[in-house]
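A.B. asks: Spelled out, the chains give:
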Amino acid sequence: MKTVFKRTTGLTDAETHYCPGCTHGIIHRLVAEVLEELDALETTVGVASVGCSVLAYHYFNCDMTQAAHGRAPAVATGLRRVLPEDRLVFTYQGDGDLASIGMAEIVHAAARGENITVIFVNNAIYGMTGGQMAPTTLLGQKTATTPEGRSSQLQGLPIRVSEMLATLDGAAYIERVSTHDPVHVLKAKKAIKKSFEIQRNRQGFSMIEVLSSCSTNWGLTPEESLKWIKSQMIPYYPLGIFKQQPCIGEES
Amino acid sequence: MKTVFKRTTGLTDAETHYCPGCTHGIIHRLVAEVLEELDALETTVGVASVGCSVLAYHYFNCDMTQAAHGRAPAVATGLRRVLPEDRLVFTYQGDGDLASIGMAEIVHAAARGENITVIFVNNAIYGMTGGQMAPTTLLGQKTATTPEGRSSQLQGLPIRVSEMLATLDGAAYIERVSTHDPVHVLKAKKAIKKSFEIQRNRQGFSMIEVLSSCSTNWGLTPEESLKWIKSQMIPYYPLGIFKQQPCIGEES
Amino acid sequence: MKGNEVIGEAAVYAGCRYFFGYPITPQSELVAYMAKRLPEVGGCFLQAESEISAINMVYGAASAGVRVMTSSSSPGFSLKQEGISYLAGAELPAVIVNIARGGPGLGNIQPSQADYFQVTKGGGHGDYYTPVLAPSSLQEIVSLTREAFRIADEYRTPVILLGDGMLGQMMEPVEFEDEKPLPKVREKKWATTGTKGDGPPKTITSLDLNDTQLEIRNNTLQQKYAAIKEKEVRVDEYLLDDAAYAIVAYGTVARIARTAIDRARKKGIAVGLIRPVSLWPFPATIISEYSSVLKAILTVEMSAGQMIEDVRLAVEGKAPVFFYGRTGGVIPTVDEILQQIDRLTEEVAI
Amino acid sequence: MKGNEVIGEAAVYAGCRYFFGYPITPQSELVAYMAKRLPEVGGCFLQAESEISAINMVYGAASAGVRVMTSSSSPGFSLKQEGISYLAGAELPAVIVNIARGGPGLGNIQPSQADYFQVTKGGGHGDYYTPVLAPSSLQEIVSLTREAFRIADEYRTPVILLGDGMLGQMMEPVEFEDEKPLPKVREKKWATTGTKGDGPPKTITSLDLNDTQLEIRNNTLQQKYAAIKEKEVRVDEYLLDDAAYAIVAYGTVARIARTAIDRARKKGIAVGLIRPVSLWPFPATIISEYSSVLKAILTVEMSAGQMIEDVRLAVEGKAPVFFYGRTGGVIPTVDEILQQIDRLTEEVAI
Amino acid sequence: MKVLFNEGWCKGCGLCIAFCPQEIIHLAEHLNRKGYRPAQVVDQDKCTSCAACARMCPDTVITVYRPDRKQTAVS
Amino acid sequence: MKVLFNEGWCKGCGLCIAFCPQEIIHLAEHLNRKGYRPAQVVDQDKCTSCAACARMCPDTVITVYRPDRKQTAVS
Amino acid sequence: MVEELIIAGFGGQGVMSMGQLLAYGAMEEGKHVSWLPSYGPEQRGGTANVSVVISPQAVGSPVIDFPTSAIVLNTPSFERFAPLVRSGGKMFIQSDLVDCTTQREDIHCYSIPASSIAEKLGNQRVAGTVLLGAFIEKTGILSKGSLTAALNQVFGEKKKHLLPLNIAALEAGQRYICDF
Amino acid sequence: MVEELIIAGFGGQGVMSMGQLLAYGAMEEGKHVSWLPSYGPEQRGGTANVSVVISPQAVGSPVIDFPTSAIVLNTPSFERFAPLVRSGGKMFIQSDLVDCTTQREDIHCYSIPASSIAEKLGNQRVAGTVLLGAFIEKTGILSKGSLTAALNQVFGEKKKHLLPLNIAALEAGQRYICDF
Ligand SMILES: Cc1ncc(C[n+]2csc(CCOP(=O)(O)OP(=O)(O)O)c2C)c(N)n1
Ligand SMILES: Cc1ncc(C[n+]2csc(CCOP(=O)(O)OP(=O)(O)O)c2C)c(N)n1
Ligand code: SF4
Ligand code: SF4
Ligand code: SF4
Ligand code: SF4
Ligand code: SF4
Ligand code: SF4
Ligand SMILES: [Mg+2]
Ligand SMILES: [Mg+2]
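Chains as they are written, first to last, in our numbering: chain X, 1 to 252; chain F, 1 to 252; chain E, 1 to 350; chain G, 1 to 350; chain Y, 1 to 75; chain S, 1 to 75; chain R, 1 to 180; chain W, 1 to 180.
Check each hint, because a few of them may be wrong.
[What the hints assert, rightly or not] Straight-line Cα separation of at most 30 Å, BS3-like style, residue types lysine-lysine; simulated pairs:
#1 Lys-266/G - Lys-184/G
#2 Lys-267/G - Lys-196/G
#3 Lys-196/E - Lys-190/F
#4 Lys-34/Y - Lys-160/R
#5 Lys-194/X - Lys-266/G
#6 Lys-229/E - Lys-180/G
#7 Lys-2/Y - Lys-193/X
#8 Lys-194/F - Lys-229/E
#9 Lys-190/X - Lys-230/X
#10 Lys-2/X - Lys-190/X
#11 Lys-138/W - Lys-266/G
#12 Lys-180/G - Lys-224/G
#13 Lys-120/R - Lys-142/X
#14 Lys-142/F - Lys-158/W
#15 Lys-193/X - Lys-34/Y
Treat the hints as calculated values from the structure; they're not laboratory data.
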């Protein structure tokens, strides 16, 4: 018997506190698998943010530090500027964390070309605090703070973070992926792996935006939630690579 | 005798504290002239920021409030959401204020399509505090905090704010202008006027980025400084319109 | 209604129509409530991108002379410190809610009173104080929210309403009719609403580059604070007439203490409760007066000991001051407080 | 060298190689100095996009176990409050400089001591303290910067170095050779530097969702603070042996007070100086002891009265405590303090 | 046994069920220690070891094995 | 008088000088109350009232007049 | 008489709304009441409990150290609260999900297969209401009438159709417990 | 003897570096010294002043309320500091820029056309050094030697060529003041 799929050693033995069907769990696993495959668990320092993934430091089997809400890119910068070059540094941030309170930090980390990997979990909502509007909440989407649905007049249009950061010269690699079916999960893993490789090559800032579900706060079942990603989110947040700087070898 | 040019009533009687030749003076005058021409002095509330223009509230002949460093867009938002629709609200911010500490505030004001006008004075440096690096400081430019010149490796590449904000759907009008000679000063004025008109039409967020000089901290004479804008800044910060949403009339 | 929602409705009742906030447990229900309620009454709710933006939006709205509120919980409240200092410096009225939780750092979301120092003294930079009101029941939320807006307008100052997760999350019956609504905002001539031909332009600022001028500004503030100290002290006294001992406690802890006192009284111990309702201005005079006749004072807090400093400053050695505190979101129990009362009687007996 | 630059060189001398800062008058020279100096010694300077980013970069760097510094002035310091609370909660060593200026709000750039409350008590949310050292001369900057790093490492705590614009801007001769450099950072086993096969992964956090666990964490902090209170009190006593009166003042004001005391002594008034060098832990015991033998105490501050609370808490009514303060960046003069000393002798005589 | 469910970890979210091409995964009738109805496969033979279930499981409940290919199958 | 300099406000920055197409503006020898050498035009006749100076002056020092066009000029 | 009740279970089991229903019911009767929730870190799943104090006088502490009654809907909650119930107090156990019994002889313990009962009524989801029926029947703290009024208030116009089912559940709970 | 000197003028007139030069000179002589600047809001232009205390013992307050000497380079500074100079103190006025004289008879007042003198030496910019020459000559607080050493230190290798001019300016200032 060959083992086709087993739990990665990139995760600790802890059971997660996530809601049933929450794709945070899938994304955790992908990052952990990549770190294991890159043999990087012993040379990586991760930065957990504040959001449902606040306890990420319990789950990843590498050194972890926990940052204040929105400030993970700054904390990662502190680590990056201090640690030896062979270390890998990543942040794991939600859309409230990264795109709302932490907007200045992410823009500047990207502009500086800070050599870190950012895993950006976009679930179009604040999960942790009970389903308030995020900067990525879709128009018309009902949340605790947009009881009538998000309106462009009152709350403006959702921010496409990948597209925006791609305008910055410091950003080396930016891709948006999704978790709504096995094929896209595989693609997501490939993107995550690539971003860590780019960091290893010291090419600068990279970010993988992962479309993720929050069935609890969307008021859908886990399965419906994945369909909602496909039918509602992807049309507004198209998947793909938004920035890819030539590899160091390829330059010239 | 016809008066071809005289001091606008949009300015108070106060003499400014700016250094000799500082183009903040010109930009003040342009905004004031526009407000006078639009007959808007009595219906406008301006928001001064923290930077050399911190005392702007002494100079503009309209109601003014003074905001914390970087937070002028939030203060303007507070005003905007509270004041009657016929009022005009503008911020006047430097590049340190707007593009560094205030990055989250400006991105979100733009994303919300907040119906305000932002006058963004980009002089590639922190004037007020004695010439430190700004996010807009050019590569190689020597400042108090980049004594060897800004390096892309250490400090990353300068941020082109107009280009970045133009990716946001909420932004209605974004233009970059300059003050380095009389022709461009006239163009700058036209752009500023347009942005206030857009606000009047309730079309949403507009920002005019004005390239400006800081001879004191650049270590040049006022005249040399204007040449430096032309030869060094404009190549990296091209002039022009980066976002122009169809006029309300033009929509459909 | 949950405590958080009561705050919201009470604010509406007090004439507040504008709210700028950012979600944080355990106060998020207030934000959600305002999102739903304010549009119904013709007001505006806006979710800010951060606590910093929220407090600065409040600064803008207050500049325009309206009644405006924001709210947060401990870490978010820390982020507002610069903004609060600006509001105080520019003399802008606003009400800021802090539903405190366990700290320091990220801590947890359980109730705490460890922000006492922050709201009564430290907070932001410079010489300023903010009146701080600490309700201990949902009904009191209604009256104190009203008072918060009155004080803010009357003295042109930010006012803090301090609760904890327990108060924010609990439900109990509330009547609004008993409370008079607050009169409409009277005209704020200083507000920057556009001159509309009505005199010279107005400016709102906290800047004064000249030190002498800034000192004058500071003296004005200090005079205002002296007036508030004189007129706005609020305290609740319970079973103090014949008391040999007193507990000093505020907010939800005072409720638990009260139950403990009732039980202690049944055991024949003459203990009463001094409940500061305004934490700043602190009811120092009253405590000072009682301290001359009391055998001992016990301060109970959900903190490692913060209000006790104000108690000790008031007592000035006239009676021994004991302390009992729980931290990290642990709520002191009635039994624990009873034990402390026993300790008190024993130690003083010795 | 200006005071600000002396801080920078002293930090380098103490083994600090990392600095994350944001410019603000009157401390910008320190930022500029580090920008130039750190690359020379193989370190790294980074201008952060804001004070908030700076303190969080410090959090990251401290997580990795290095000696790291940031600095700001009052409004910027307010913005760091959340971050400082996180550093305290996660028990990370770092040195934070506050070169205070006139407030509240934007205020001005003149010297001030009105951040005393903020740095010694209030500051961020939750039950934590940070040791605060307040040098009063450039030479003392050198030794106290060194001490700040020692204390930070020894107790795993953020430490604050508090100065004011006067100290930051002035120049006077300084010797570095007199001071021992601080030994290299000893291995910090808790630091998150990548496990490198060396045991299980480490985590740094201030979160504890369980209240009992968070209380244990808080108790650990409180024990640490008790140890610091016991071992790290620093105070400078001047002409106190025969004194009938004492001035309590810190930082630059203490220098002015000292000159005033010299002059008063010439007039035959037996006045001395108690200069708290550590503001937290506050030299309460020493002041308490002196207060039993002194006729009166005068607290002089560049504030509306902040440290005086700690003085009164120490004195507990044993001697009258008077206050003289200037605000808004106005520096009290020698003559003014002399007049206050006269007032003191008169009032006590009555 | 081609798929092995770590029952105690399962939260009964049903994502494995939704993506199993063989439609052989179901929620059990009983509750696990967490209070969820855990997913399970009765008919292991129908499993193709495609691992779609494991890839979609947010809680790393599932391990997938593939029987060594028989020589015969190759020929 | 086609250009009028509000001498007390001038900071002697020289921008008017740099942009005057007629090259008729100079810094005076004396200092104004602010301590700067103020800009001045001696040869007003050469001025074309183009207002380039005024447009570039950061300190609104300059007022520019244009003489009414003579009828003759039109013909 | 002051009733201090804790209802505890997994998140998602409706613990909070059960408490809320009792609180509204108490208000109907003009009693003083407080309702205080406590959640774990999880949004869904994980444990949650709510403290309800019903009292003739103003409620002092809304925190309950030692409840007079407890309703437990899962095993961890049983384990946590069984030792805390006051001597002479009552414990209501959702026995479809908890198969423990306490050794304590100083408290009354009622095992109620609430899901099974609810299922018989046609909808698993009213298991909580069944338990409430049992609770009011045994403690007598509130009448069925006030709880029905509370249900009415909670459902409002929109969910009015759920009322009959819930009343039936209340009654089923009451009936079941009579047999003890 | 403690010398408490304030130098005041417009920003950009070199007030700060004049103070710095004196401070270095004092250190050369092993004296205690403090240097404390004070700026207006302007980066350039506006007023600025610096307080220099030179003392045989450790300097207490670096702030000077009533200077023993003042060097003033513009009219606002003259107006501000003339009333503050201590009785018996000295005031040095850059008379090319300030045409005021004080009514006070209890202080010594020296008008020095420093720009004119400097111009004669070939460079307007050494006006400040001329004033310093006058200052040390009249107060005797520092020797020309230590000030020369200070100049040497400040200029370093790069600006070494400026040394002779500055020494000449120092001497010119000294010479000019002798006539008073
Ligand atoms: C300074 C501060 N503000 C607010 C909060 C409250 N808070 C915790 S998580 C969160 C939002 C989380 O949303 P997101 O980042 O999208 O993560 P998700 O839970 O959706 O994965 C907020 C606002 C906090 N902890 N700290
Ligand atoms: C919170 C805070 N941080 C820092 C400062 C100090 N500060 C004042 S102005 C300024 C930068 C100004 O630069 P810019 O916005 O580019 O304006 P300019 O002076 O160049 O016109 C800074 C950092 C402050 N006042 N408040
Ligand atoms: S609340 Fe949403 S994001 Fe958070 S764990 Fe639950 S499903 Fe996931
Ligand atoms: S410092 Fe620069 S930006 Fe500021 S007033 Fe002077 S020239 Fe203008
Ligand atoms: S491995 Fe494939 S076929 Fe087998 S159970 Fe999983 S999804 Fe179904
Ligand atoms: S996907 Fe995982 S957690 Fe969800 S039901 Fe299947 S095995 Fe259980
Ligand atoms: S108006 Fe034209 S020609 Fe006349 S002075 Fe000015 S720039 Fe010169
Ligand atoms: S541009 Fe204005 S300020 Fe500058 S020299 Fe000319 S008139 Fe004077
Ligand atoms: Mg989210
Ligand atoms: Mg700038």
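A.B. asks: Under the constraints set out in the numbered hints, which ones does this structure not fulfil?
C.D. replies: Numbers 1, 2, 4, 5, 6, 8, 13 and 15, in rising order.
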